[in-house]
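A.B. asks: Listed in order, the protein sequences are those of chains A and B.
Positions 12 to 632 (our numbering) are the ones given, in order, by the first sequence.
Positions 81 to 397 (our numbering) are the ones given, in order, by the second sequence.
Among these hints, one or two may not hold up.
If you anchor each label on the Cβ, the simulated ranges turn out as follows [what the hints assert, rightly or not]:
hint, chain 1, residue 1, chain 2, residue 2, range
1, A, T191, B, R310, 23 to 31 angstroms
2, B, A263, A, D80, 57 to 65 angstroms
3, B, L183, A, D80, 51 to 59 angstroms
4, B, R310, A, R364, 39 to 47 angstroms
5, A, D80, B, R310, 19 to 27 angstroms
6, A, D153, B, A391, 20 to 28 angstroms
7, A, E157, B, V172, 41 to 49 angstroms
8, A, E157, B, V244, 54 to 62 angstroms
I should point out that these hints are in silico values taken from the structure, not numbers from a laboratory.
Treat the numbers as computed from the prediction; the structure is a model and nothing was measured.
Quick reminder that beta carbons are idealized off the backbone N, C-alpha and C, glycines included.
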Amino acid sequence: MALIEARNVTIRIPTEDGVVHAANSVSFSVEEGELFGIAGESGSGKSVLMQAIAGLLPGAEIEGEVLFDGHDMLTMSEAERRALRGAQIGMIFQDPLSSLHPFYTIGSQIAEMIHAHEKVDKTEARRRVVEMLERVGIAEADKRYEAYPHEFSGGMRQRVMIAMALILRPPLIIADEPTTALDVTVQAQIVELLDEMRRSFGTTVIMITHDLGLLSSVADHVMVMYAGTRLEIGATGALFAMPTHPYTLGLLRSSPAADSDGRALIPIAGKPPSLLARPRGCVFAPRCAQATDLCHMSPPPLRRYSDATEALCHFTASLPEAAPVSELATSPPASRKSGRYVVEASGLSLTYRTKKGFGRAVENQVLNGVDLTVRKGETLGLVGESGCGKSTLARVLAGLAVPTDGEVKIQGEPIASLTAARWRAMRRRVQMVFQDPFGSLNPRRRVGAIISDPLRIHDIGTAATRKARVQELMEIVGLNPEHFNRFPSEFSGGQRQRIGIARALALEPALIILDEPVSALDVSIQAQILNLLQALQRDLGLTYLFISHDLSVVRHICDRIAVMDKGQIVESASAEKLFGAPEHPFTRELLGATHHPPALTGVDTRSLIAETPFMTQEALV
Amino acid sequence: MIAFLTRRLSFGVLVLFTLSAFVFLLFYVAPGDPARMIAGEKATAQQLAQIRENLGLDRPILVQYASFLGDALRGDLGFSYRNQQPVVDLIVRRIPVTVSLVLGGVVVWLAIGIPIGIMSARFAGGLRDRLGQVFILIGLSFPTFVLGMLALYTLYFLPRKNGVVLFPPGGYAPLLDDPLKWAWHLTLPWLTLALVTAAIYARLTRGQLLSVLGEDYIRTARAKGLSERRVIYKHGMRATLTALVTQLGADIAVMLGGVIVIEQVYGLQGVGSMAVQAVRNQDRPIIIGVVLLGGLFIVISNILVDLLYAALDPRTR
Chain A
12 MALIEARNVT IRIPTEDGVV HAANSVSFSV EEGELFGIAG ESGSGKSVLM QAIAGLLPGA
72 EIEGEVLFDG HDMLTMSEAE RRALRGAQIG MIFQDPLSSL HPFYTIGSQI AEMIHAHEKV
132 DKTEARRRVV EMLERVGIAE ADKRYEAYPH EFSGGMRQRV MIAMALILRP PLIIADEPTT
192 ALDVTVQAQI VELLDEMRRS FGTTVIMITH DLGLLSSVAD HVMVMYAGTR LEIGATGALF
252 AMPTHPYTLG LLRSSPAADS DGRALIPIAG KPPSLLARPR GCVFAPRCAQ ATDLCHMSPP
312 PLRRYSDATE ALCHFTASLP EAAPVSELAT SPPASRKSGR YVVEASGLSL TYRTKKGFGR
372 AVENQVLNGV DLTVRKGETL GLVGESGCGK STLARVLAGL AVPTDGEVKI QGEPIASLTA
432 ARWRAMRRRV QMVFQDPFGS LNPRRRVGAI ISDPLRIHDI GTAATRKARV QELMEIVGLN
492 PEHFNRFPSE FSGGQRQRIG IARALALEPA LIILDEPVSA LDVSIQAQIL NLLQALQRDL
552 GLTYLFISHD LSVVRHICDR IAVMDKGQIV ESASAEKLFG APEHPFTREL LGATHHPPAL
612 TGVDTRSLIA ETPFMTQEAL V
Chain B
81 MIAFLTRRLS FGVLVLFTLS AFVFLLFYVA PGDPARMIAG EKATAQQLAQ IRENLGLDRP
141 ILVQYASFLG DALRGDLGFS YRNQQPVVDL IVRRIPVTVS LVLGGVVVWL AIGIPIGIMS
201 ARFAGGLRDR LGQVFILIGL SFPTFVLGML ALYTLYFLPR KNGVVLFPPG GYAPLLDDPL
261 KWAWHLTLPW LTLALVTAAI YARLTRGQLL SVLGEDYIRT ARAKGLSERR VIYKHGMRAT
321 LTALVTQLGA DIAVMLGGVI VIEQVYGLQG VGSMAVQAVR NQDRPIIIGV VLLGGLFIVI
381 SNILVDLLYA ALDPRTR
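All chains should be built: construct the whole structure from the sequences, respecting the hints.
C.D. replies: Written out as structure tokens, the structure is:
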């Protein structure tokens, strides 16, 4: 029997800019005890859908039916829905630090859940909380009861969240990106814990994630959402072997994991649509490689297949005969390394002294004897978990932080001994691209000004030549040069990252340090940026230091990879060697923790059994 | 903890020391002759010289300052030029009035401001929010003396014209003599002080609470199935408290140093009105005393706020 069944759920959220169509006639049903995955990129409406159903979005207008245990959650009173939350439906959110109240102890926050739904005395509640904390793997649970969230690590906090969600043994748990904010090795532990709890308590889990690899390994059924619309739903195995919808296929083909060597990824062109307007035809048509006039003109029908897969499409997805990639893109990264060192770092150490609270001094050794070289024309990947010191290393190499010990040479020149004037010149040779394309561009300045900043600072050219150079750079990174007068807010995440890259390119640096350049971007956009970086390297002979926590991305783009742990480089080898025969235990742990979607078989054993018109709510009105 | 307190206290002493030196220097370079102020227009040059000698004004400034410091450390801030009374006695006599005004006002303005702020934030964008915003706008844009006059006119003058005495027009009755009379006398000043300040607290509460309500942990609280009341008060206001405490500490400290306008409007003989008279009379010892008193309150309140902050926010411990 279905534990929760949604029928034609449509969600509209009125905002200042207009009505956001967050979900459009979405139906799904989750069987008792299964793990149901909802996949989609940011803005696909997957989180909004579940939060609105749980009644956590007071501003949303929601239509349709959501039967939980036979009762319609959308027509029940707020009090009834509140009684369901926590007791019947537990929720786990993405960022456990911000999702836990900073001012209350974790024990009291979990106990509060019990007191909200049951009449239990304090000692009994505490006993139950401690017991649950032990079950989710918190050592010395009785003592840790009094600890505050900031005293836990990310993974431990997520364990606390899971304990909180499970404390009343709800039949359903909604996990909204439960592992996204965590390190890979921790991710694996958390997924394992969720799976184990699901088995031992018989809990049904709805897991919302953008990580298809993760779903492929744990989910029973998967629903793929795009622009508030359910494009495909089906059993995990069949769906990952050969999707029926071109979007799912595109997602799988654009994720670096599917393509282990350095060949160009096949990105999904364009960007996710605004949810303010509803297109007449298929929501995915503007980005779909298979789209025809029909797709743009009329809403797609619902196609049901023999294996119970359902897709919202005029056609059945098919693997193109030949991948539409240029010859250049397919040629493997050839021997372009000239052998000259761009970066030589030896024995780098950095220790921070911080004062905490009432004046206790704490020493924190961030870098501990790092040796590193980067040759001209190559891409060195630097991987490691958060806090391992990789970003600090980048700052040291860029001259933004001074090491306590050790030496950095850029093109053979030790940067510690530079005079002020030489320093200025040196700055031109190392440029950085940052992770957050939203936070690292000044929102009040025009894009042209941002890109030409380096030129202006180093006093290169006249206003007219600078403008010409900016437009040339915009052209190179795939932006419309006409848009130099616009503000960053008028660009999407991927486009903003292109702006950051153009800015880094302006001075023709010897080294570009890319600090997590794609981790804030959706898979389909990630692929576009990774391809751009590779093309630029080929055409301009660039040297990259590519920092990432994402092994599949690093493997895809890097020639050599250095693995960092606790301020040290524990292993450094060519990409093939590191992935083929990892030597250090930490590298093996990292590799083992990553989920990859299974390879596309391309074999389609299903047959179409029905095609019915799919009426959206808009169409019915 | 001990180290923290010692550090903050010694820093506070340094602040007061610097403040006293600064005020002292200010009067030394400022125009105006205290001897002339004391002796009056008709005093002879000899009389003036005599007065200067008595006051020690003929000595070099460093010597004057050193002797002032020495006395101050013994709790002696000198004598008023005007009526020869000890400055410390004068100030101590005035403090109860100002403290009564401020502490009573605090209660009233928090009782008005915080609920309005909560209501505004909770129903952001709705009618109740707009009413709250109107209140905030009025409180922030009316000058204190206008509000004071309005209160006097509507609650004292108009009723009295019709033969009813609702409130007295001003004055002060000591708390210990007659608590009811004390409160009755201070009601209008409290209201006036509270209306102006409540607007600031309503705005602060609204802004802080609105941003807190957007936090992920509020979503968690709702996902737990807690009642909206509990979500707002236990989870939302708890996080808003730190900002309110910081603002409150600063405001109380500044006001204890004298609530100038309201003391003037209602004829309250508090520290503020004393400061105004002292400035008018060029009564240097009193001005220095009042400035040091204000500085002392600010130093103490900063230390208290820091301690409270640590108690409220476990992350800063």
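A.B. asks: None of the hints should be skipped; say for each whether it holds.
C.D. replies: Now for the hints, and whether the structure bears them out:
Distance hint check: the CB atoms of T191 (chain A) and R310 (chain B) are about 29 angstroms apart, consistent with the given range 23 to 31 angstroms. Taking the beta carbon of each, A263 (chain B) and D80 (chain A) are about 59 angstroms apart, inside 57 to 65 angstroms as hinted. At roughly 56 angstroms, the beta-carbon separation of L183 (chain B) and D80 (chain A) lies within the given 51 to 59 angstroms, and the hint holds. A hinted range of 39 to 47 angstroms for the beta carbons of R310 (chain B) and R364 (chain A) is consistent with their spacing of about 42 angstroms.
Checked against the hint of 19 to 27 angstroms, the pair D80 (chain A) and R310 (chain B) passes, with Cβ atoms roughly 25 angstroms apart. Take D153 (chain A) and A391 (chain B): their Cβ atoms lie about 24 angstroms apart, and the range 20 to 28 angstroms holds. Range check, E157 (chain A) to V172 (chain B): Cβ separation about 46 angstroms, and the 41 to 49 angstroms hint holds. Against the hinted window of 54 to 62 angstroms, the Cβ-Cβ separation of E157 (chain A) and V244 (chain B) comes to about 59 angstroms, which satisfies the hint.
Comparing the model with each earlier hint shows no violations; every hint is respected.
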